[in-house]
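**Student:** Listed below are the residues making up each chain.
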Amino acid sequence: MIDRRVRWRGALAATVALTVAGIVDGNPVLLLGAVVPLVFVAYGSLSRVRVPADLVATRSVTPTPAPPGQPVTVTLEVTNGSDRTITDLRIADGVPASIAVLEGTPRAGATLEPGDSHTMEYVVVARHGEYDFDPPQCRVRGLGVSATATTTLPVSGDRALVCRLAADAPPIEEDGSTRVGQLTADEPGTGISFHSIREYHRDDPADRIDWRHYAKRGTLATVNYDRHVSATVVLVVDARPANRVVAGRGRPTAVEYGAYAATRALSDLLDHGHDVGIAVIGTDGPGPAGCRWLEPASGPAQRRRALEFLRRVADEAAADRDSSTPRTAGGGRTRRQVRKVLELAPTTAQVALFSPVLDDPPVAAVETWRGAGLPVVLVSPDIVPSNTVSGQFEQTRRRTRLARCQATGARTVDWRRGTPLPVVIEQAFAVDARRSSRRSTGGSASSSNTGAGGKRDSSWNGGPDERAGSNPAADSRRWGGGE
Amino acid sequence: MSLAGPRLDRPSAIGDEGRARTASLWLASLIVVAIVGVVGFEIGEPSLLPTLGPVVGLAVAGVGLLERDGFVSLVVAHAFLLTFGTAFALIVLAAPFVARAGIAASGCALALAGIGASWANIGGDGLGTAAAGSVISYASMLCSLVLMGILTAVVYFGWTVLTSIIGFSTPVASLTGFLLIVAGTAGVVRLSLRWLPIRQVTPRDRRPTIERRLTAVRQRLLYTAVGSIGALVGFGALGLAGVDTAVTSVPVLAWLLTSLSSPLVVWPIVAVGAVSLLAGAVAVLLRRLTRDDSAGTTRRTAAAVVGVGLSLPLLLGLVLIVAGAGLAIGPILLGLGLVVALVLGPIAFLIVVGSGAVGVGLGLLPARATGPAVAATGLVVAAIGVGRANPLVVFACIAGAILVWDSATFGLGLTAELGHLPDTRRLELFHGAVAVAVAIGAVVVVTGLEVLRAGFFAGGGAAGGAVVVALGALLLLLPVRG
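Sequences listed follow chains A and B, in order. According to our numbering, the first sequence is numbered sequentially starting from 41. According to our numbering, the second sequence is numbered sequentially starting from 32.
Note that these hints are calculated values from the structure, not bench results. Just so you know, not all the hints are guaranteed correct.
To be verified - Okay, the calculated beta carbon distance ranges per label pair:
#1 F102(B) - R456(A): 36 to 44 Å
#2 F102(B) - N427(A): 49 to 57 Å
#3 A412(A) - T328(B): 56 to 64 Å
#4 R456(A) - V467(B): 19 to 27 Å
#5 R456(A) - L224(B): 42 to 50 Å
#6 D123(A) - P81(B): 45 to 53 Å
#7 G486(B) - T159(A): 33 to 41 Å
#8 F433(A) - V103(B): 25 to 33 Å
#9 T428(A) - R456(B): 30 to 38 Å
#10 D100(B) - P326(A): 35 to 43 Å
#11 E143(A) - P81(B): 41 to 49 Å
#12 A137(A) - D100(B): 21 to 29 Å
#13 F433(A) - F102(B): 41 to 49 Å
To be verified - Not everything, but these chain B residues come out facing chain A in the computed CB check (under 10 Å):
#14 W57
#15 I241
#16 R243
#17 L393
#18 L395
#19 P397
#20 L449
#21 F461
#22 E481
No residue lacks a Cβ here, since even glycine has one placed at the ideal position from N, Cα and C.
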């Protein structure tokens, strides 16, 4: 589309003013000077522009697919394939309306000689779903700037940003592990990593004898390794409408973050041989009490089912994030679903709740589950912006709620923005895996202290109960001991 | 719709319409500065640029600072407006009436102000705010001047009365003066007790006690005032009855009554009254100033504070004129300068800024490109001012005006279309180079025409040449009017 704008009204006004002044003053110099603005008017009027035919654009989106919240770099390279210099080229890439530009700009202005390229790079935030880029808008001006030609550029390369919950989750091995679980327990057994050394017993296998110790002291000793155990974990996603909020325009909702964290935890736990179940609270599902429920199980089939389950949750949250429908609380439904999770979860299971804790129901849920003796991990994605007074107030309230959850004995992990999710997941489940082993072995494990000293200080004379920092009574109280 | 036409894409967080891109503004600024410097030499005022620069710059800074919300920033802004702004306005409006070169100086001031406004991103809204603020400051200055006059009269009257009382030598007069002072002081102290926030600054647990004491003090002050007046009336009645001569005939009593008007008695009482009145007035003023803390109140208060502050030099000017009358011409001239600058300057500033705001409102000036338009207008005015000087300078002024407009609006269009983030320096410099080349070509052409005109039409008189050139210019308009 070729357009021409009136840009020289001021020059015409100057011409008239100088003409009048010249006539009034009888000054021919001013009259001649009136010609100068007219030269610019003529220059603007006579300049022509053509729609560029040989402009080529190539877009790359890296990485794609990406998990929610991850910065994605978009690069658009525009090449002048014609034999004419484009003196004034302005480009705006067609960023999807739902996506926010985090860094850089999707616009550029350049002068391109034949064969020249201009590259612009910007960063967007991935949100769950698939977003098609519009073709880049391009506007070319002639030398006089008044005439403009606007068109859309054909683009090659990536045309969409794909965001999936399981984008960075490692695939689970089809044949599975030969061991029953791969979480290390805080008690000795057979395994790979060193746990402690004890006195040799006559029936100990020869490959566990510490020959170095024998060479040093002349007595036989046996090496204990970390014991691998399996656990049952129920991942609960808080998908209530109140959590379908974003930290800023174009950002993923808290539910999407929660589903993403659950997906990552699911992959990790299944990969280590644990039984994992899924529960979604806050939505009307086909399960009991409206709670969407997937029985704990392990293996690739369970992973597929669970991923589909979580994808559906994220899809619903993504579909609802731009709606202006008021988000109702549904407190009664949430309470029923929380109790239903308690009923459905195996007695030896631990619960991992993924919630931004923007209100009180998640705290009540944690209190309910902890009251029933279930170990609870709360992974809370932080989506509250702290750059405003109200945001800081809300952040303070949220952290107070996290502290209340912690006071019940739950392990709370505040997933701050910028912290890699694998670190968060590892932090959330590293300790609890060991603790779950105590549950599965009747609470005979000695300590919840995972410090290096506490774990590795075992020696000839020290039994498991004598480790530094151990407090079995307090620990069993906290984790529903007696099981 | 933006200045540059429809946007390439939807508005987003990336692009917002604001100041023009830097390279374009630099180009326009260099052109303006160079032309103002050349014009200064041409009109015989080489210091024109260094003189106008700070004045205009600080005036523009004053308008720019009005966008802020802080009290100190606003006070500084209004102070700049009523000092440098008035100086700028007086140059723009008064200089053309002084000499023809004044037109050039006025145009140069406008050009510098326009380019400064472009840097400060001042549009029609900023001019309107400046005009409103200057009205408040000006009104405050005049009101405070009137108030100061009244206050001075009151103080002068009180001083005269007090010195008269102190000078009384008869017992009756001394007693009358003393009773008047006591009644007045009691009334003033009672009034200031009402104004002072004594109850509010008292700890909560002691407030009932303080309130009881305040009530008692107010009652006593009332009794004192009424009693003094009653005693005054009674003493007057006794005087009419002729009893006072009997009282004053007793030497001790006469000495006691006479000593009541001595400075040792009068001044402490007057000091108590004056201090309490001052404290009460300050408390009332502070309360009024801090009652409403909205942005509008802050803005108005800052303007009023500057107006009150400038009323002092205005008063000084008036005093110098009155005091120097018939004695020396120096103080009178200084006083006249102060009075004229402070009384007429803000009006001139209001006219200049108000004209800009009205021009924007009527659509004569583009709202977003007010600065470039004013700068270009200023250069055209400067060209008219130096019309009888070197033709090359005239043509350079006109070409500079068009270049400034072209470059600045090009930069504004870039900002509107692409935002502030992309690097567009190469684009801007390319456009600037082409525009400068066109301007140089135009100047060369018209200079050649001028040489021809001076050669061929020199014998035919200026009028004939002027008519030919006018017709030529008008004919040029026809093919390019669209």
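**Student:** Determine for every hint whether it applies to the structure shown.
**Tutor:** Going through the hints against the structure:
| no. | hint | in the structure |
| --- | --- | --- |
| 1 | F102(B) - R456(A): 36 to 44 Å | 38 Å, holds |
| 2 | F102(B) - N427(A): 49 to 57 Å | 25 Å, violated |
| 3 | A412(A) - T328(B): 56 to 64 Å | 59 Å, holds |
| 4 | R456(A) - V467(B): 19 to 27 Å | 53 Å, violated |
| 5 | R456(A) - L224(B): 42 to 50 Å | 58 Å, violated |
| 6 | D123(A) - P81(B): 45 to 53 Å | 51 Å, holds |
| 7 | G486(B) - T159(A): 33 to 41 Å | 57 Å, violated |
| 8 | F433(A) - V103(B): 25 to 33 Å | 28 Å, holds |
| 9 | T428(A) - R456(B): 30 to 38 Å | 35 Å, holds |
| 10 | D100(B) - P326(A): 35 to 43 Å | 56 Å, violated |
| 11 | E143(A) - P81(B): 41 to 49 Å | 43 Å, holds |
| 12 | A137(A) - D100(B): 21 to 29 Å | 33 Å, violated |
| 13 | F433(A) - F102(B): 41 to 49 Å | 26 Å, violated |
| 14 | W57 | 17 Å, violated |
| 15 | I241 | 37 Å, violated |
| 16 | R243 | 43 Å, violated |
| 17 | L393 | 14 Å, violated |
| 18 | L395 | 9 Å, holds |
| 19 | P397 | 8 Å, holds |
| 20 | L449 | 4 Å, holds |
| 21 | F461 | 5 Å, holds |
| 22 | E481 | 5 Å, holds |
Hints 2, 4, 5, 7, 10, 12, 13, 14, 15, 16 and 17, counting from the list given before, are not met by this structure.
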